[in-house]
Structures are given as C-alpha cells and as structure tokens.
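Take the two lone chains, each set in its own frame, and fit them into one complex as the hints suggest.
Residue numbers (our numbering), protein chains in the order written: chain B, 1 to 343; chain U, 1001 to 1070.
Hint data in this document are derived by calculation from the structure and do not stem from the laboratory. Watch out, some of these pointers could steer you wrong.
Claimed, not checked - Cβ-Cβ distance ranges computed for the label pairs, FRET-style: (1) G33(B) - L1016(U): 57 to 63 Å; (2) F175(B) - K1052(U): 26 to 32 Å; (3) P23(B) - G1019(U): 55 to 61 Å; (4) D1034(U) - S168(B): 54 to 60 Å; (5) D1034(U) - R84(B): 55 to 61 Å.
What the hints assert, rightly or not - The following residues of chain B were derived to be distant from chain U, with all beta-carbon distances above 12 Å: (6) L2; (7) A9; (8) R17; (9) Q20; (10) P35; (11) E63; (12) L76; (13) K105; (14) F113; (15) G121; (16) T137; (17) G199; (18) D264.
Note that CB positions come from ideal geometry on N, CA and C, so glycine has one too.
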Amino acid sequence: MLLPRARGAISAEVFARLLQAPPGVGTVPMPPGWPDHFEDPLEDEDLQVTLWALYELHYKGFEDVEDEWEWDAGMLAVRRELERSFEAALRTLAEPHVRAVVGGKGDLADRLFDLTEAFEGPELSAYLQRTATREQTEEFLALRSIYHLKESDPQSWAIPRLQPAIKSRLVELQFDEYGGGRPERVHQALYATTLERAGLDPAYGAYIDDVPAIVLATNNAMSLFGLHRRLNGAAMGHLGAFEATSSLPCVRYAAGLRRLGFGDDAAFYFDEHVEADAVHEQLALRGICAALALDDPSQEADIVFGAVICLALDVRFAEQLLGAWDSDANLLGPEHDGVPVPA
Amino acid sequence: MSAAVRPDEPQVEVTLCPGGPMLLRGATHVIDDDGRRVPVERPVVALCRCDKSGRKPWCDGTHKLLPLEI
Ligand SMILES: [Fe+2]
Ligand SMILES: [Fe+2]
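Bound-form chain U, shown alone (with noise of 0.2 Å):
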C-alpha cells in the first residue's frame, strides 16, 4: 500500500505532453485568457499549449494540423 497520498489532502499534478498539450489532473478551474473561471468537468483536462485551439482553453487536437512542432 502506498501511502505517499492521503485521500483528504487536495493535489494537482501537471503533466507537459511533448508536441501537444499540458495535462491537469485535480484542477478544480482554470482561468483563462479572457479572465473566466472555467470548471474542470472531467477527471483529466487538456489544456490548449499551441493557442491555436477553437475549445481555448481546452486542447482540441488542432496542433497536429500546425507544420511545425511547438
């Protein structure tokens, strides 16, 4: 059993996913450009790192259309 984690103790991890978006788990909202507080409604959200999303600020795969690697 690993006990590096109690239940109670709120915990955000990111994770950077190379040539695509940034992972969020346990984010509750995001702020985006415009200053909205967006609630995180799923589990595991991606967030947009190429800006050219149509979904900001949420990653909608458009990056892969883009030439060039971000």
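Only chain B is shown next, with the shape it has when bound in the complex (with noise of 0.2 Å):
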C-alpha cells in the first residue's frame, strides 16, 4: 500500500515528511498550521488520516515510506498530539454513557451486556438484509473493509500486558479469529474471499482514499486502545462490546448478500461470525472484561469507556451511511470534507 491523498495541511506536511528519509534523531517540529485546538477531532477529514498513516506505520506500513519512520521520536510526538486530542473527544462522547455504567449493581459482564442491548441506533444490518441495493451494499463493504483486512489485530497489541489467566482467554478468542491454525480460515483472508467475489478490491488499504472520517476514527480508536498499555481495558471493553453486537447483525448481512445473489462464498465471512461471536462475546465479556475488572477494580472505568465508543462510534456510521444513502448520497468517495459525496 502506498501513503493515503493528504486532506489538509497537517497530513500534507506529514506525509511530505514521511516520503523523505527519516533523520535519525527525534527533530521533527509539529507541522506549521497546527491548530491551537481541533474544533471536531471525530470528524477532522485531516487529523484522522494523519493519525491512521502513523497507526498504520506499526502494522504493515507504506511501499513509499521508510520503516525507521516508525520509531521516529519527533513523528511519535506528532502521533501523540493528535492522540491527546482525539482521546479527548473520545472521552466527552463516552462520558454520560460510562458513568451509567460505573459502579452498578451485579457482574460486569451483565452490565456490558445490557448496555449493548440498550444502545440506541439506527438498524443498519435490518436494511441490508431487505432494503439495500447492490451498489450500497458493495459501499457497505469496502467502507467496512478498513478494519475487517486487519480483524483483530489491534487487539493483539494487548496480549502481553495482560496477567496470565486472562491472556489465555484473550489468546483462546485471537486464535479463533487467526483461523484455528487454518490459514484460509482467518477472519481477514474471509473478507478479502467476501471483497472479492462481491467484484470489490481486496486489497488492504484499497479504499482508504474514499472513506469518510468516521471509518478512520472507527479503526484509529482500536489502534489507541491497543498501542496504549494504559489503555488495556478499553482495548478489552471495546472487543466485548463488538463481539457482543455482532452475531446477529452477521445474520442480516449473510442474508442481505444471498438477497442480492453474491452467494454463498461472499456471505461466509458474516455466517462465520455468527457462530463465532456468539462464543466470543461470552469469552470477551465473561472471560475477559469481567475478570479484568474482577482482578483490578480500577480498570472498570476503562472497560465502560472501550465498550462505549465502539457503540458511539457504531452508531455514528449507520447514522452516517443511512442519513447518504436517504438523500440519495454516499459515504464512499474521493473527495472527503466531512461531507458526504452527491451521487
């Protein structure tokens, strides 16, 4: 893959930078133009690709970027900067909803459970399964497609800073996700089968130029929850929480997909999640969230708020893709204001 299409001024200086040999030395100045705060972190077109091309250096990287970048002191306190206030903004959307949380009556597991059952949102998977058409649901696809190349993987970031009893829960789910010692059943290589036959490109990052804001935001909160040792917890609530919202919604997509005739090999990826995560959220939320929390109450806070944005931010997409698609727009596109494309 190479660098995504700048958006602004900030990712344009950084990419410009990252295309040119590292210094060695951390020297890097923040980008001139960098604002005195970010208005809307969530939906800052250029603060989001910027953080996911850094994100992005510590999983594959880019063909025109050198590796050294990766470790680049002054590149990381850009990366942090921009993480501070995206943090920031995560932290005030999730506030109201993770202090509902906090401190109630009963199991862990039990709250995270009712909360996800609780969240309010748009019914996304109910107008794939009947409603979409062709077109919206191949954009569906491809917008989803910048997180489901690289499933998982920024959950692994967390499995050596867990203690031993819930790494091995966490190990036991990501080797169900890795395919069981099956390389063509990992999650990843099914959804590229599912981009494929659906006449998509299942190529990681293809379509990273025509996603809004809030795809990147969506995948740069995994990678801060995952990169974090502090933010271990929220790593694990948000996987609870994703696990736990996903089994029945596969069931709608694998049966919108076989509405449309993609067939059977397109609609496998989301018939094996309906399997698979209904043991997952058992696993991330029971053996997982609930024991983290058990083992050192003072990560309860940060669970409540992982499982929280990764509703929030859920929610946000359907409202977003929905809200396109009734004025008859869409998400996916080549050009990214923070609006969305006319058709």
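Listed below in structure tokens is the structure:
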C-alpha cells in the first residue's frame, strides 16, 4: 500500500516528511499551521487520516515510506499530540454512558451485555438485509474493509500486557479470529474473499482514500486502545462490545448478500461470525472484561469507556451511512471534507 | 508452573453462561437433537440453551431477542 492522499495542511506536511528519509534523531517539530485545538476531532478528516497513517506504520507500513519512521521520536510526538485531542473527544462522547454503567449493581459482564442491548442506533443491518441495493451493499463492504482486512490485529497488541489467566482467554479468542491454525480461515482472509466475490478490490488499504473520517476514527480508536498499555482496559471493553453486537447483525448481513445474489462464498465471512461471535462475546465479556475488573477494579471505568466508544462510533457510522443513502448520496467517495459526496 | 493437566490428557470443560449458551472447551463432536454427529471446529464452541437458535446445536445470539431470561 502507498500513503493515503492528504486531506488538509497537517496530513500534507506529515506525509511529505514521511516520503523523505527519517532524520535518525527525533527533531521533527509540529507541522506549521497546527491549530490551538481541533474543533471536532472525530470528524476532522485531516486529523483522522494523519493519525491513521501514523498508526499504520506499526502494522504493515507503506511501500513509499521508510520503515525507520515507525520509531522516529519526532513523528511519535506528532502522533501523541493528535492522540491527545482524539482521546479527549472520545472521553467527552462516552462520558454520560460510562457514568451510567460504572459502579452499577451486578456482574460487569451482565451490565455490559445490557449496555449493548440498550444502546440506541439506526438499524443498519435490517436495512442491508431487506432494502439495500447492490451498489449500497458494495459501498458498505468497502467501508468496512478498512477494519476487516486487519481484523483483530489491534487487539493483539494487548496480549503481553495482560495477566496470565486473562491473557489465555484473549489468545483463545484470537486463535479463532486467526483461523484456528487454518490459514484459509483467518477472518481477514475470509473478508478478502467476500470483497473479491462482490467484485471489489480485496487489497489491504485499497479504499483508504475513499472512506470518511468516521471510518478512520473507528479504526484509530482501536489502535489507540491497543497501542497504549494504559488503555488496555478500553481495548478489552471495545472488543467485548464489538463481539456482543456481531452475531445477530451478521445473520442479517448474510441474508442481505444472498438476497442480492452475491453467493455463499461472499456471505461466508458473515455466516462464520454468527457462530464465532456467539462464542467470542461470552469469552470477551465474561472471560476477559469481567475477570479483568475483578482482578483490578480500577480498570472498570476504562473497560466501560472502550465498550461505549465501540457502540457510539458504530451508531455514528450507521447514522451517516443511512443518512447519505436517504439523500441519494454516498459515504464512500474520492473527496472527503466531512460531508457526504453527492452520487 | 502448573502441573494440574498433562497435555496428553484430553479434557473437556463446560461453562454455563448466565442467560446465555453453554461453552464447551476441548470437545471434538456434539451429538445434536437429530442424532447427527456434528464436528467441533473451533477451540471453544457455544451450545444453544434457549432452543431458539437458527444454527442449532450452536448459539447464534437469538436468546437476546427472547422476552424472558432462560
Ligand atoms: Fe472475526
Ligand atoms: Fe469475533
């Protein structure tokens, strides 16, 4: 993959630097035109694409960027500044929901299951099951490809930081995500097959220039939680909420793909997640999140924070996508200024 | 080092999830309602306990849509 297209002054400057040789010693100042504060970090295309690219240095990197940049102290300082604004916005977004769950009565797993079931949002999966056109379904698949082609990788960062009993549960879950020892069953690979069978580009990062800030923010939140040991609880809470809101929608996504004649191979990724995530939600919320909070009660607030962010960003994504479709527009497109692109 | 279980000793563990499925660890097959021998293909599987799953014997999360706790 090559670096994404810049979306503003910051990404233009950061990407221009990344295309040069790393300086060796961290001396990179903040890009010129750095704002006093970001108005709306979650919807800021420039911030989100810069952060996404800086995180990507820790995953697969870019063909046009030298690997040394991954640990360049100056570039890490830029990332850290962007993260501060991003995390503050996530905290503000999650606060009221977190307060309602933390310290509540009963087992944390039950409270988190209740949270996922009570969280209000538009029924994107029902729309895709019954109503969406072939083009809309393709758009949905492409938007989701940014995550599913690196599915589970952001959570793997947490493995060495957990205590053994909880680590063993996470690895058990990840083993299933990574195909249970069968390379062809790695969930990332199953999604690539879905894209291919839908006539879409299965290459990693193929749609990065075409996705809006909300998609980048969804991915960036997982990388933020995964890469910071301090945010391990949030990473696991996010995982739990993700798994607990997957099985039932996946039944509908699979039905929608079959309704439109995409075929069984295209639907298989979703079929697999109906069963897999009915297991994973129990492992993640009971075996990992509740166990983590029991072991260290100070983690509870961040576990809930991560869970809320998963749900809240998912709702935003659904609202923006259905909102765009409602006005005959698209979320996937070559120009992103924070507003849907007219079809 | 824990020496409770030797790796060559097969061991099946059952976990009952409150209001949810039964988790099976270490099983190789499940005999379903119709007497079919269904192979277990993941490290842990969730067996339906609400009887409403569309994927029996496996859980598909349908218990969450039921009005009463099982
Ligand atoms: Fe998965
Ligand atoms: Fe999963």
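Each hint tested on the structure:
no.	hint	verdict
1	G33(B) - L1016(U): 57 to 63 Å	58 Å, holds
2	F175(B) - K1052(U): 26 to 32 Å	29 Å, holds
3	P23(B) - G1019(U): 55 to 61 Å	56 Å, holds
4	D1034(U) - S168(B): 54 to 60 Å	35 Å, violated
5	D1034(U) - R84(B): 55 to 61 Å	58 Å, holds
6	L2	36 Å, holds
7	A9	45 Å, holds
8	R17	44 Å, holds
9	Q20	46 Å, holds
10	P35	43 Å, holds
11	E63	35 Å, holds
12	L76	36 Å, holds
13	K105	14 Å, holds
14	F113	8 Å, violated
15	G121	15 Å, holds
16	T137	21 Å, holds
17	G199	28 Å, holds
18	D264	15 Å, holds
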